[in-house]
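Asks: Chains as they are written, first to last, in the numbering used here: chain A, 19 to 131; chain B, 6 to 118.
Treat the hints with care, since some could be wrong.
Quick list of simulated restraints, FRET-style, between CB atoms [said to hold, decoys possible]:
hint: 1; chain 1: A; residue 1: Asp89; chain 2: B; residue 2: Asn27; range: 37 to 47 Å
hint: 2; chain 1: B; residue 1: Asn64; chain 2: A; residue 2: Arg70; range: 28 to 38 Å
hint: 3; chain 1: A; residue 1: Leu73; chain 2: B; residue 2: Ser8; range: 16 to 26 Å
hint: 4; chain 1: A; residue 1: Gly60; chain 2: B; residue 2: Thr25; range: 20 to 30 Å
hint: 5; chain 1: A; residue 1: Asp81; chain 2: B; residue 2: Glu21; range: 51 to 61 Å
For the record, the hints were derived by calculation from the structure and aren't laboratory data. Every residue gets a Cβ at the ideal spot worked out from N, C-alpha and C, and that includes glycine.
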Amino acid sequence: DARVTQTPRHKVTEMGQEVTMRCQPILGHNTVFWYRQTMMQGLELLAYFRNRAPLDDSGMPKDRFSAEMPDATLATLKIQPSEPRDSAVYFCASGLTPGEGYTFGSGTRLTVV
Amino acid sequence: GNSVTQMEGPVTLSEEAFLTINCTYTATGYPSLFWYVQYPGEGLQLLLKATKADDKGSNKGFEATYRKETTSFHLEKGSVQVSDSAVYFCALGGFSSASKIIFGSGTRLSIRP
Chain A
19 DARVTQTPRH
29 KVTEMGQEVT
39 MRCQPILGHN
49 TVFWYRQTMM
59 QGLELLAYFR
69 NRAPLDDSGM
79 PKDRFSAEMP
89 DATLATLKIQ
99 PSEPRDSAVY
109 FCASGLTPGE
119 GYTFGSGTRL
129 TVV
Chain B
6 GNSVTQMEGP
16 VTLSEEAFLT
26 INCTYTATGY
36 PSLFWYVQYP
46 GEGLQLLLKA
56 TKADDKGSNK
66 GFEATYRKET
76 TSFHLEKGSV
86 QVSDSAVYFC
96 ALGGFSSASK
106 IIFGSGTRLS
116 IRP
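Okay, chain A solo, but in the shape it has when bound (with noise of 0.2 Å):
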């Protein structure tokens, strides 16, 4: 089966450092998401991408985090610098067609102590 794939799964850093996740979306997908999931907010969607340009970043605190697409292999999110509030795992999904939904990763479990 086709996959996205996720890394690291799991990243415990200290307040203040940079923190980078990386996406590996299913080869041929050409929308790619990023969603942050915590206990109190649920599933938030932080931006997203279509053919490696972004549509859509408004969920996304500016000052602090980034969202790229170098290429259409690999998509990444950096937090610069983290705070502990940014404690979540973070999953992104890719896909091709709207109506057909999306296939999402198994998540960046991010701890900011």
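Add chain B to chain A, keeping to what the hints say.
Replies: Using the frame of chain A, we list chain B on its own:
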């Protein structure tokens, strides 16, 4: 705007009980409707979908029918198993090639042996 409202949890049932998780939506246009499932420690998986009114999506014994007249997409299963314990998300999307998927808040389901 477009939104999804689903039944609050947690829902606890005994094995072999009948399951219904309610989901209603508000949408301008004709979205596709989805149910996703999230097992502990994993990402969301697409469980089933329906792309137009009166369509029935089904998978793994779960079913949901796209009801335009009641703007609903309730998830049902005739006989649940312990392995069905998970969080279930109703979602809508597919308005356009650039649209995102909008998720409900999730319903946690626990099945007692």
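Asks: It remains to establish, for every hint, whether it holds in the given structure.
Replies: We went through each hint and held it up to the structure:
1. A:Asp89 x B:Asn27: 37 to 47 Å: 43 Å, holds
2. B:Asn64 x A:Arg70: 28 to 38 Å: Distance hint for Asn64 of chain B, Arg70 of chain A holds at roughly 31 Å.
3. A:Leu73 x B:Ser8: 16 to 26 Å: This hint holds: roughly 20 Å between Cβ atoms.
4. A:Gly60 x B:Thr25: 20 to 30 Å: Since the Cβ atoms of Gly60 of chain A and Thr25 of chain B sit about 21 Å apart, the hinted range of 20 to 30 Å holds.
5. A:Asp81 x B:Glu21: 51 to 61 Å: 52 Å, holds
Going through the hint list in order, the structure satisfies each hint without exception.
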